[in-house]
Amino acid sequence: MTPALRELEALFPRGLLRQPGELVAYESDALTAFRARPLAVVLPESHEEVAAAVRWCQKHRIPYVARGSGTSLSGGSLPVEGGLVIGLNRMNKLLRLDPKERIAVVQPGFINLQVSLAAAPYSLYYAPDPSSQPVSTIGGNLAFNSGGAHCLKYGMTSNHVLGARVVLPDGETALLGSESLEGIGPDWLGLFVGSEGLLGIATEVTLRLLPRPEAYHTVLAAYDTLEKAGEAVAAVVASGLLPGAMEIMDSLAIEAAEAAVGAGYPREARALLIVELEGETPQVEAEARHLERVIRDSGAYEVRVAQSEAERMKIWKGRKAAFSAVGRLSPDYIVQDGVVPRSKLGQALAEIERLSERYGLRVANVFHAGDGNLHPLILYNGRVAGELERAEELAGEILKLCVALGGSITGEHGVGMEKRAYMPVMFTPADLEAMRRIRRAIDPLELANRGKMFPGSEAKPLSHGPHPLEKAGVIARE
Amino acid sequence: MSSLRPTHPKEVQEAVRSHPRLLPRGGGSKPALSTPRERQVALELIGLSGVLEYNPGEYVVVARAGTPLSELEALLKAHGQYLPFDPPFARQGATLGGTVAAGLSGPMRNRYGGVRDFILGVEFVDGLGNLVRGGGKVVKNAAGFDLPKLMVGSLGRLGVLTELAFKVFPYPKATATLEVAFPNLGEALEALYRLAASPIELYALDLVPPSRLVLRLGGLPEALSPRLERLERFLNQQGERLQGEAEEAYWEGVNDLGRLGEGYLVKVALTPRRIPTLEARLGAAPRRYMSAGHLLYLAWNEPLEALDEALRAEGLPGLVLRGVVANPRIGLNLEGPFGLKVTAALDPQGRFERYAAPN
Ligand SMILES: Cc1cc2nc3c(=O)[nH]c(=O)nc-3n(C[C@H](O)[C@H](O)[C@H](O)COP(=O)(O)OP(=O)(O)OC[C@H]3O[C@@H](n4cnc5c(N)ncnc54)[C@H](O)[C@@H]3O)c2cc1C
Numbered sequence: 037m038t039p040a041l042r043e044l045e046a047l048f049p050r051g052l053l054r055q056p057g058e059l060v061a062y063e064s065d066a067l068t069a070f071r072a073r074p075l076a077v078v079l080p081e082s083h084e085e086v087a088a089a090v091r092w093c094q095k096h097r098i099p100y101v102a103r104g105s106g107t108s109l110s111g112g113s114l115p116v117e118g119g120l121v122i123g124l125n126r127m128n129k130l131l132r133l134d135p136k137e138r139i140a141v142v143q144p145g146f147i148n149l150q151v152s153l154a155a156a157p158y159s160l161y162y163a164p165d166p167s168s169q170p171v172s173t174i175g176g177n178l179a180f181n182s183g184g185a186h187c188l189k190y191g192m193t194s195n196h197v198l199g200a201r202v203v204l205p206d207g208e209t210a211l212l213g214s215e216s217l218e219g220i221g222p223d224w225l226g227l228f229v230g231s232e233g234l235l236g237i238a239t240e241v242t243l244r245l246l247p248r249p250e251a252y253h254t255v256l257a258a259y260d261t262l263e264k265a266g267e268a269v270a271a272v273v274a275s276g277l278l279p280g281a282m283e284i285m286d287s288l289a290i291e292a293a294e295a296a297v298g299a300g301y302p303r304e305a306r307a308l309l310i311v312e313l314e315g316e317t318p319q320v321e322a323e324a325r326h327l328e329r330v331i332r333d334s335g336a337y338e339v340r341v342a343q344s345e346a347e348r349m350k351i352w353k354g355r356k357a358a359f360s361a362v363g364r365l366s367p368d369y370i371v372q373d374g375v376v377p378r379s380k381l382g383q384a385l386a387e388i389e390r391l392s393e394r395y396g397l398r399v400a401n402v403f404h405a406g407d408g409n410l411h412p413l414i415l416y417n418g419r420v421a422g423e424l425e426r427a428e429e430l431a432g433e434i435l436k437l438c439v440a441l442g443g444s445i446t447g448e449h450g451v452g453m454e455k456r457a458y459m460p461v462m463f464t465p466a467d468l469e470a471m472r473r474i475r476r477a478i479d480p481l482e483l484a485n486r487g488k489m490f491p492g493s494e495a496k497p498l499s500h501g502p503h504p505l506e507k508a509g510v511i512a513r514e
Numbered sequence: 247m248s249s250l251r252p253t254h255p256k257e258v259q260e261a262v263r264s265h266p267r268l269l270p271r272g273g274g275s276k277p278a279l280s281t282p283r284e285r286q287v288a289l290e291l292i293g294l295s296g297v298l299e300y301n302p303g304e305y306v307v308v309a310r311a312g313t314p315l316s317e318l319e320a321l322l323k324a325h326g327q328y329l330p331f332d333p334p335f336a337r338q339g340a341t342l343g344g345t346v347a348a349g350l351s352g353p354m355r356n357r358y359g360g361v362r363d364f365i366l367g368v369e370f371v372d373g374l375g376n377l378v379r380g381g382g383k384v385v386k387n388a389a390g391f392d393l394p395k396l397m398v399g400s401l402g403r404l405g406v407l408t409e410l411a412f413k414v415f416p417y418p419k420a421t422a423t424l425e426v427a428f429p430n431l432g433e434a435l436e437a438l439y440r441l442a443a444s445p446i447e448l449y450a451l452d453l454v455p456p457s458r459l460v461l462r463l464g465g466l467p468e469a470l471s472p473r474l475e476r477l478e479r480f481l482n483q484q485g486e487r488l489q490g491e492a493e494e495a496y497w498e499g500v501n502d503l504g505r506l507g508e509g510y511l512v513k514v515a516l517t518p519r520r521i522p523t524l525e526a527r528l529g530a531a532p533r534r535y536m537s538a539g540h541l542l543y544l545a546w547n548e549p550l551e552a553l554d555e556a557l558r559a560e561g562l563p564g565l566v567l568r569g570v571v572a573n574p575r576i577g578l579n580l581e582g583p584f585g586l587k588v589t590a591a592l593d594p595q596g597r598f599e600r601y602a603a604p605n
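Going down the list, the protein sequences come from chains A and B.
Adding 36 to a residue's 1-based position in the first sequence gives its number in my numbering.
Adding 246 to a residue's 1-based position in the second sequence gives its number in my numbering.
These are computed hints drawn from the structure, not numbers from a lab.
The beta carbon of each residue, even a glycine, is placed where N, CA and C say it ideally should be.
Mixed in with the good hints, there may be bad ones.
[Unchecked claim] Here are some of the chain B residues that sit facing chain A, going by a computed Cβ distance under 10 Å:
(1) P302
(2) G359
(3) R362
(4) L377
(5) R379
(6) G380
(7) V398
(8) L401
(9) P418
(10) K513
(11) R520
(12) S537
(13) H540
(14) L562
(15) G582
[What the hints assert, rightly or not] Stretch by stretch, here's where chain B covers chain A in the computed footprint (C-beta under 8 Å, at least three residues):
(16) 151-165
(17) 191-197
(18) 214-221
(19) 265-277
(20) 317-327
Starting from the given sequences, assemble the full structure and let the hints guide the process.
Quick look at the structure:
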């Protein structure tokens, strides 16, 4: 054992993993195509221990990666080969719940869904709802500015984080934000959220809670073309309604979801649209009448309205299960996360279909139509020579398409390792240089999550596939 | 004092490169922030104006930073949309860039959020004269550092804003306002807390000291009267209702924060928990708490040091918007190593005003 490692062992007598068998679980995240063997994993239990780990890395110039539940779909929590993993799962406490001020203060390893469960007795909830919410951590959500199905109306994680205590890469502590919804001075917290673990490690996070809506109105509409479903979304928006969620599934996704959970969807539909209104009862009732007219005029051949909470949950069950269900149709798959302006949805989908034919790979589509966030799922077989490369090329084409249509390479899964090569498609050298200057000012040695977000040397993927937790049916991807 | 008036981002770049000390200035509606100090050259941005992209179906608008709020809001209104963070000083010539740099939102931020929640993209000239873009022009985006949010409240310290993209929403088809008087501050605050935790969706939830709440509802016209009645039942008391043009005019009046009163005009970020003790320190200063007690605007006629001290005693940060001051940042000192390093990264030569940290 080297002196440096002995030092680390002294710092973490109870929380150091070194054995190959212990490290395996940390070698990759949900982007299973990438693997790297870390030097060690430490499991700090306090802010001070995180700071100690970071200082140790600084002293010995060892790159490190913070890790929550390792569900990143873009390789965000992939270790640096030979670097340290700072696993935050033991820092999983709810520190304070203040229903009157409507805030929750949690440690970074606290699980997203647990926040809403803790707040439920007070009729409050935590709005950001990534599909991974039963397992993903608030620290991971914060680092990736994670989204979910309700982003158009409610925003992303960043819009619900009020403050954070962080360990900076030099081991110093910073307090960013406050408990107020308002701030004075540059929004340092706004910069920190979504920085993918490059600017420091959050050890305490203050979250904003919202009152649970009084009423929901959930509509399922079936169409004989994907285009009509897309136009329906445009019509809903044009009518001046602001639904909490608008989601579309294509026929491949419908078929798979039906086979998996039997949500009772019309199986022959080419596209399904889910629209959900929420709010005060009299307002939702009035909006529902307007929505009914819009959907009727949109050419839906079948429309169902959830008459009970059970029916509502059933509609959502199929939607939430769609991804892992499609995944079962194929040994391997890649999920993409590009965004296009809503008016370009139809064009983007048609183009994706053409690309799918050209590459000879099936692509299923399940997406957040309200905010133009596509999630094309590219199916391939890693055992067939060349298919992985073709799938990756196709994924890259889709990202470029999204940018060309005026959108983004990622709506919620982050850049991580996976999409860093595409950053120059979206940003100019001057943009990237400014971001990099910020990064280096905070972390001159670029130890924090080295090799992520910024274009650089490319690692070679092995194969893609479901996260172990998806295989176990614990979570589904969106 | 000399001033420059660029009409293109390139000219902003040249200006930054050729002047060691600059202060960007939009419409001048917040003079405490836009009056050049010693040796500073004013960089007038009203020449950098105009809406660049707007497709109402996208809920996105992109405009040059010097665009007056009033111009943008008129365009949005014609399509039944608005800036949900409700920026103040629209009729006093405020620009988009000045609004973002000052980090200002108005009463209607209560419904969907403040300027930080609606900014999507930014283009700015950093202290080296580079033109930098961050964020995007779509309503959801997670690529790269969130530079758009960073610029909120930046007071020109990190760069000169040249272009901004915002998320916009449909404006409610009908609105109504209810003013409710309470016997004392304690009861008003209790009602404020109850409302904020309830599913009742208020566009504005203002507290006008000593003990009045002003509540704004919005939505479909057919649902508005039943909702007003429910609101009164919830509060266990009737209020004074305002509707139609009088209601619009009332909120237009509130939008001009200058009308609060003479003297310094100050923004304070806080939580409602601070209000009782803060109230005891503010004396007769005209003021209004917005967004369920998270935002305070007040007019101050005493020496500024007294307010600075009061805010510090409460652990609250403040920003002076109007009045002649050496440093508009008062109250709690928010400067820390993180911010200083980011500032040095974007403006290594110190061309922009950083304002000394309040002690
Ligand atoms: C089945 C499935 C469904 C998903 N659905 C969605 C979805 O709907 N929407 C969505 O947005 N994402 C989704 N994701 C992606 C993923 O769940 C999110 O990115 C999530 O936020 C990651 O959380 P985590 O705890 O697993 O973080 P990890 O994967 O462990 O880490 C993610 C990143 O955060 C950094 N990090 C972790 N903790 C901290 C901390 N305390 N401080 C600083 N940096 C930190 C890590 O270094 C890493 O870069 C899904 C993933 C899967 C597998």
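We went through each hint and held it up to the structure:
1. P302: With Cβ-Cβ at 8 Å, under 10 Å, it holds.
2. G359: holds, 6 Å
3. R362: holds, 6 Å
4. L377: holds, 6 Å
5. R379: Nearest chain A Cβ about 5 Å off; hint holds.
6. G380: holds, 7 Å
7. V398: holds, 4 Å
8. L401: Check passed: Cβ of B:L401 comes within 7 Å of chain A, closer than 10 Å.
9. P418: Check passed: Cβ of B:P418 comes within 9 Å of chain A, closer than 10 Å.
10. K513: holds, 7 Å
11. R520: holds, 9 Å
12. S537: holds, 6 Å
13. H540: holds, 4 Å
14. L562: holds, 8 Å
15. G582: holds, 5 Å
16. 151-165: Per the Cβ count (3), the hint holds.
17. 191-197: holds (count 4)
18. 214-221: With 8 residues close enough to chain B, the hint holds.
19. 265-277: With 5 residues in contact (Cβ-Cβ under 8 Å with chain B), the coverage given for the stretch 265-277 of chain A holds.
20. 317-327: Our answer is that it holds, as 6 residues pass the Cβ test (under 8 Å) against chain B, meeting three.
Checked against the numbered hints above, the structure violates none of them.
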